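**Q** Given next are the chains, with one letter for each unit.
There are 2 protein chains.
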Amino acid sequence: MKRRFEVLALFTMLVSALAAQTWIWYPGDYEIWLGNQMNNRRTERGTFYPPFWKMDSHYVCVQFSKSVSLQKSENISIAVEGKYNISLDGKLMFGMPHQMTIPAGNHKLVFKVWNQSTPPTIFIKGKTVYTDSSWKVTYEDKEWIDSSGKTSDTSTTVYMDAGCWNFDNADNHPSQYALPRKPRQAISKTVVKGGILYDFGCETFGYVTLKGLHGDGPVDLYYGESSEEAQDTLHCETLDKLYISDGKVTDLSCNTSFPIADNDYTLGDSKAFRYVYITGGDKVGMDSASMQYEYMPEEYRGAFKCNDEELNRIWDVSAYTLHLATREFFIDGIKRDRWVWSGDAIQSYLMNYYLFFDSSCVKRSVWMLRGKDPVTSHTNTILDYTFYWFLSVYDYYLYSGDNHFVSQIYPRMQTMMDFVLGRTDSNGMVEGLPGDWVFVDWADGYMDKKGELSFEQLLLCKSLETMAVCADVTHNETDHLKYEKLASSLRSKLVPFFWNEQKQALVHNRINGHQSGAVTRYANIFAILFNYLNKDKQQVIEHSVLLNDSIMKITTPYMRFYELASLCAMGRQTEVMKEMKDYWGGMLKEGATSFWEKYNPDEKGAQHLAMYGRPYGKSLCHAWGASPIYLLGKYYLGVSPVKPGYEEFSIKPCLGGLKWIDGKVPTPHGDIHVYMNKKEIRVKADSGTGYLYLDSKHVPRCADTTVEALGARKYRVLIKAGEEMAVKYDAMP
Amino acid sequence: MKRRFEVLALFTMLVSALAAQTWIWYPGDYEIWLGNQMNNRRTERGTFYPPFWKMDSHYVCVQFSKSVSLQKSENISIAVEGKYNISLDGKLMFGMPHQMTIPAGNHKLVFKVWNQSTPPTIFIKGKTVYTDSSWKVTYEDKEWIDSSGKTSDTSTTVYMDAGCWNFDNADNHPSQYALPRKPRQAISKTVVKGGILYDFGCETFGYVTLKGLHGDGPVDLYYGESSEEAQDTLHCETLDKLYISDGKVTDLSCNTSFPIADNDYTLGDSKAFRYVYITGGDKVGMDSASMQYEYMPEEYRGAFKCNDEELNRIWDVSAYTLHLATREFFIDGIKRDRWVWSGDAIQSYLMNYYLFFDSSCVKRSVWMLRGKDPVTSHTNTILDYTFYWFLSVYDYYLYSGDNHFVSQIYPRMQTMMDFVLGRTDSNGMVEGLPGDWVFVDWADGYMDKKGELSFEQLLLCKSLETMAVCADVTHNETDHLKYEKLASSLRSKLVPFFWNEQKQALVHNRINGHQSGAVTRYANIFAILFNYLNKDKQQVIEHSVLLNDSIMKITTPYMRFYELASLCAMGRQTEVMKEMKDYWGGMLKEGATSFWEKYNPDEKGAQHLAMYGRPYGKSLCHAWGASPIYLLGKYYLGVSPVKPGYEEFSIKPCLGGLKWIDGKVPTPHGDIHVYMNKKEIRVKADSGTGYLYLDSKHVPRCADTTVEALGARKYRVLIKAGEEMAVKYDAMP
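Residue numbers (the working numbering), protein chains in the order written: chain U, 1 to 733; chain G, 1 to 733.
Take the hints with a grain of salt, since some may be wrong.
Since the list gives no way to pick one copy over another, a pair counts as held whenever it fits inside one copy or between any two copies.
Claimed, not checked - In the DSSO-like style, the derived pairs of lysine-lysine whose C-alpha atoms are separated by at most 30 angstroms in a straight line are:
| # | residue 1 | residue 2 |
| --- | --- | --- |
| 1 | Lys66 | Lys108 |
| 2 | Lys125 | Lys54 |
| 3 | Lys305 | Lys714 |
| 4 | Lys66 | Lys372 |
| 5 | Lys54 | Lys83 |
| 6 | Lys604 | Lys150 |
| 7 | Lys372 | Lys83 |
| 8 | Lys728 | Lys581 |
| 9 | Lys241 | Lys125 |
| 10 | Lys83 | Lys211 |
| 11 | Lys66 | Lys241 |
| 12 | Lys150 | Lys54 |
| 13 | Lys372 | Lys136 |
| 14 | Lys493 | Lys535 |
| 15 | Lys581 | Lys305 |
| 16 | Lys634 | Lys714 |
| 17 | Lys54 | Lys372 |
Honestly, the hints are just simulated from the structure, not real lab data.
Fair warning: this is a prediction, and the values are worked out from it, not measured in the lab.
All chains, please: the whole structure from these sequences, using the hints.
**A** Structure follows, in structure tokens:
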């Protein structure tokens, strides 16, 4: 235990060192503001294309406060984004000072900052007094001064802990945040019909640089995730139109001119592409095009290798796909929407827990998706996406153990759930009401969206359970009981309402109190994942639905994520391995350098590029395409948290037909390493405690500890932090 | 009738001409944004001083749409504040065009505009297609495109009519709005203790200009509404600190430097003052100081003259006081808060109906005070101010007849009333809950704020009645019935709960179900104004409270407004005239050039300047000081609307002890002129119909129409639009 304690102590020190003197703001406000910057970068053929839901913004005036107790007087330096004042013990300082001295003793320091354009933020640096998340913030202090000059009641003001990220020095203004860039060169340059086609070798993202630009006339850039798209100037999804004259470039999409520096010009807007096709007027010249690759710096903490090179390539391309779609937020895809979508994001979060474990990006995305009160529509307008939002808080809590975040976001969970519960029917169930988008999945066949969909009720039920868990985390016993009751009431209705004896499955929906005859995969998949059916029914639907080819197939990696996860949860890793190789391997065989929004193996050639009635409407780099990261980490390396933040974990490694697998899974306090072949399993966890579970023909042997038999050739071994365990065993056939 | 029809038709033409091609926005959004600019101009001795309640802001992304039907194709020019796109019949145009051609036929034109810093606004100018309030706006269009490219359900999107004001050309950007200025010179310049004291002759507002500024060193400006304040450099409420060097001025309150143009420098922030005391370092020189007077252009449509010069002066100084406090919004006072306060504003609105009839400023202030949902506290945090907000909508509707505004603001009235009703006790009454400021009035004696205050219940009751009226205006029958029921239920409890037989008055409050013994004027005044007591009780409280010197006196013009109005409503114009001359005449005798926040005739000299525990805390130009405008217009000229917008009016002129009065009252469609002496009354109304009511010893005579006898020497004469009526009568003694 000693070693583990040291690791944690070290971690705690690191955290407090990192937390010191950072820019702070009202929690969620910077995230919502930055999210607007992100979501408003979408363009469609040169035209600005904002979201169709309510976009919230920051509180324009925020009070920051801190009580300090000083042994001796202290100088602090002050940086603020906004117009501000400072009061010390209720007395206002003159003007907007950049420095001040706080005398020894106990003091109350209060800043009020107003900023319409960007979130009010402050940065204080002193020896012991500095801004961090321990500062309190509020958007209304309700402090008034009566006619005699007395300051009056403030008892109901709601103070929150300040929000922060990693803006740890005074010059690092949060409102000026930009992702880093690095240059990338094209791998080929081809003259095509009077224009030049540049190929950057793989899917990429950033800003094209035109080198040696000179002359007078138009220059057009057509971007393509495929070479077909780049060359189809009438139908490609994104483009730029420039006009060059007098040493200046005019960007025609915004009618703004920029000087050409050293004959080079870098486009102002980022794009996703592999190919760029560039055409120009007769009098315009250009030497070459390159690009500035823009990326979120991420450490690939998760890893996976095995004896199958195709699978290794699937993991690598999945990781690259997720990385491209991990930007200021987890976005859906990099070419088209570039928006934060809740249903897409929850999968990115789960993949992220097996690759980057970037908690900040999860929290930013959760804040941003929630926005502000009042709630006027479902998340992204989609019924199911509201529920995924709740579930994503549960997942984040489970993987990170971050109680503090749960308590910060909980008030917005309450108001979001109030919105949901205000729209339930007399059965306490949700139906798509006017204005709700009931999405479920993009399906190639017809899907009924009317009435009570079993799928939606399962998600609602899990959302209510999430509310109960989070109420408990925030010590809100009243809410805890309320949501437990609502969840169990709904859960008890699921089988009576949706189970069909004849079909031996949960039916798709119920209209006016009557089951429809249709069976789809969705609810049956989630019933397994959420463990909402008894063992018998679970095994029945495995055959009546999951492995039944007559039930409408799933053609999006989005829903394949859950489908394959549910099969893995049923122990069908070998079949899922084959599916993965067929499906993701299929995309690789089509030349994919990142994974797609949708893939139907029955389609051919340019059919793969079309979607939404547009020839290149499909995104060829879509975060939800990267699910092998999650599947391989959770169901093959077999690592998952049992208690929040991996305080306890389980490792259930599974070869799934492979000869060996070797990898690691990140946790909040280190990594968990897993190696497995048919004879040996080696694991090491940097922190936490957990069990390695394994099946073996004979009793496994471990030199360092005892192996516990669980019956039916199942065994487990206790794993302690920091100790590598090697277990000899005999794989089941 | 014909003439009246012509006037209205002309007016309608004028309105539509004015409405053509104006900048538009989401209703309330510009007002809230501009309100933030206004409320954040408060400074306290060089320090920024924002409000202590939640400040809302605009929707950052707004859709503007219009269906048009064109005989032939039309070119339109486009100006936008924000990043935008345009779609015609669902098809996006490239980029952000400044011009476009709409083909002949039926089309749907949609703009989406994003702007974080200032409200999204657009301006379209074409022959028949142009922006005005008939455009529809929404902050979420809920339009999504399914996988086949079909645009889906938008049925629940809430579209509002666009908001606008008077920004009627493309270059007149709403976000750049500033009040006009004109130069004013000081009337005297005196050397005092090494500094120079400038006197501008009367209370004024604007930006000091320093002429011939040169040298190096500090220059400090100390402002005073009194000469005492300006010279008291340690205690004056507002000041500026500059530093001059290298031909630049550094404003030390914001650490920003500006070049000195032609040796002149005009301060960046406006101030209220009559006196400025300027000191400078030895090496700094300056020729003189003048100022840029800043003002809202207003036409003095109301007028009042009489035989009493002191009263004429009271009216003039009242008008100037109201004008100074009528800026982008109706603010409380010009020196200190410079905030929009609901209780102050409702009085400004009422005065405004008798002086400027500036409806735009009323609407802006009402939007701004309401802000956005969710409601997290009372208006300005004050319980009573929430109710005044409701009442101000009622007043505005009554005076203007503006149904459209009522329907625009009604959704926010609903959510505000939801907030109020969510905080009532088991009697359906309001008490001050933690976080609520129960204001009532600044009183020199002790005022109990605990429990159910009768005053607050009366205001709540009137607010519920307002809800019922406005629900009716918006054709919301369900709400109409709901609020009528709530209002009548509460009204029926007022006497049983608060009437005290022994005191013959409404008591001040009720704690835990028991009447307190205290009687104050507040509830008794409003019971008369709202006509909530029967005739007997009204006459009783006139003596038991209103004219009873043992009941705590009112020392603010704020509550005197209602006190004197209630006395006038009881027919005591002669007594009120004396009070007006004593009270406002008293301020004039103290040298007032504008009327004050508070006036206690018992105080002497510099005592008059102190408030809030500060020697110059009192505002000497406070809007609520201008109430004679209202009292003289409504109760002496006697003009008030009977049906909304003066469609029907009543004129009950009253000399109140004067020999003659002569004036006019503005209405939405012209003016109503009234002249009265003891023998003759002449009236003329430009539009509408109404009665002149008068008392006369003998039957009055009118050459043009019949005089109707109402009994008890009361008479009335029908007044038609555009016809001057002269009535000969004999004034009662």
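**Q** Enumerate the violated hints, using their earlier numbering and listing them in ascending order.
**A** none
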